[in-house]
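Trainee: Sequence:
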Amino acid sequence: MENLRTAFSLALAANKHIAIHTDDYAECVLALKSIVLASFSPDDVVEIDLQECHTYEEIANKMVRKSERNLPELHKVVIWKNLETLELSLRVKSGILKIFDEIERYDKLSSRNVSRNEPISLGNAQVILPDLFMIVPVMDAGAEFPKLHRQVKDRFWFCQSHYHTYSQEILATEISLKDVLAARKLIPTVYTNPEIQEYVCLLMVFTRSHRLCSLAPLTTRPTLRAAENILLLAKTLVAWANVGNTQKLFLTPDFVKILYRKIGYWLVDWETNQVFERKGSSHRKRTEISLLTGDWYGSEWACVEKYLEEFRAEPDPNSTTGFTNRIVEDVLKSVLPPL
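Heads up: the sequence shown begins at 33 in the working numbering, then just goes up one per residue.
Simulated from the structure, these hints should not be mistaken for laboratory data.
There's no promise every hint is true.
To be verified - Distance condition first, Cα-Cα at most 25 Å in a straight line; then the derived PhoX-like pairs of lysine-lysine:
id, residue 1, residue 2
1, Lys140, Lys130
2, Lys217, Lys48
3, Lys179, Lys311
4, Lys140, Lys125
5, Lys48, Lys98
6, Lys311, Lys338
7, Lys185, Lys140
8, Lys338, Lys179
9, Lys65, Lys113
10, Lys113, Lys94
11, Lys179, Lys48
12, Lys125, Lys185
13, Lys125, Lys210
14, Lys289, Lys185
15, Lys217, Lys130
16, Lys125, Lys179
17, Lys210, Lys48
Using the sequences and the hints given, assemble the complete structure.
Mentor: Put into structure tokens, the structure is as follows:
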């Protein structure tokens, strides 16, 4: 519960969206709502089942409500259900991405300095983005890592696992919204040494050049946005832990290692591809390996098959996503942090 609360607080402070994996869908939604309702009013929260509302217009209309003055405004916390089961056709995927584009004002340089009081277009309404706003999809963690389209996945900062323990009573403590806004102001003041920035870049390079990335480059190789998000998450965690502290704040390699793992476990997924999925054709896999050069040149299929099985994601309730990720762990062992 505390991990879920901390993840929620960090996302609010950084104006980001996060995903949640759980082994008990109903209990996780209940736990999330108990955390949210300890700090927000019931009218600030909305649940949207994407199996029932999956077009842009339907989702956007559900996210907008009428204020006391009968003006359109956004719900502050939007919980998406069944994202992992949604068949992402081109139309559905484009609709989901359009929602994020409009909320982020298409992430243009010219829009980054625009006041939040400037309205945005969402669906058929002109709405003002609340100071505290986030979208949280809750996904069922089955035997395999949920397979999402990479462009949709990139819109979520990281994934937090929540495995419900029935012997523990759900106790929600209030998130201080004042502290969240104070942490947001502290984030730009956290100093990042050039060596720390170089360390993050090296982690990205080693991740992208891992031999398994050649099997699924689109779903495995993190983008430049991922490097920015690792630094932002590290700064946010430092700021959140030091609200009210007047000392100078800075990043350490330990923070970067922890938060690279947090984001890497979510983004680096070599198994989400049509060729090398668990139930795929063995002949097709063997043919694909024989055509690849570089690290795979001259590899015997029996050895490759054993290697691939060792790197399969397995359920792990103690990890940030609820699954193991050998690529991320390999990279952390290969790249030495700065002294």
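Trainee: Hint by hint, note whether the structure agrees.
Mentor: Each hint tested on the structure:
With a CA separation close to 14 Å, the supplied pair Lys140 and Lys130 stays within the 25 Å bound. Between Lys217 and Lys48, the direct Cα distance comes to roughly 15 Å. Compliance with the 25 Å bound is thereby established for this hinted pair. Note on Lys179 and Lys311: the hinted pairing holds, with a Cα-Cα distance of about 14 Å set against a maximum of 25 Å. For the suggested pair Lys140 and Lys125, the alpha carbons sit about 21 Å apart, so the restraint of at most 25 Å is met.
At most 25 Å may separate the alpha-carbon atoms for a hinted pair to count; Lys48 and Lys98 meet this at roughly 24 Å. In summary, the hint linking Lys311 to Lys338 is supported, as the alpha carbons are separated by about 15 Å, within the 25 Å threshold. Taking the CA atoms of Lys185 and Lys140, the gap is about 20 Å. The hint holds against a cut of 25 Å. A distance of roughly 23 Å separates the Cα atoms of Lys338 and Lys179; the hinted pair therefore holds under the 25 Å criterion.
Between Lys65 and Lys113, the direct Cα distance comes to roughly 13 Å. Compliance with the 25 Å bound is thereby established for this hinted pair. Straight-line distance between C-alpha atoms of Lys113 and Lys94 comes to about 13 Å, which keeps the hinted pair within the 25 Å bound. For the hint pairing Lys179 with Lys48, the CA-to-CA distance comes to about 21 Å; that is within 25 Å, so the pair holds. The hinted pair formed by Lys125 and Lys185 meets the criterion: a straight-line CA distance of about 11 Å does not exceed 25 Å.
For the proposed pair Lys125 and Lys210, the alpha carbon gap of about 35 Å is over 25 Å, so the pair is violated. A C-alpha spacing of about 21 Å is found between Lys289 and Lys185, which places the hinted pair at or below 25 Å, so the restraint holds. About 28 Å separates the Cα atoms of Lys217 and Lys130, which puts this hinted pair outside 25 Å; it is violated. Proximity of Lys125 to Lys179 is assessed by CA-CA distance (about 14 Å); at most 25 Å being required, the pair is judged to hold.
Taking the CA atoms of Lys210 and Lys48, the gap is near 17 Å; set against the 25 Å cutoff, the hint holds.
The structure does not agree with the numbered hints 13, 15 stated previously, though it agrees with the rest.
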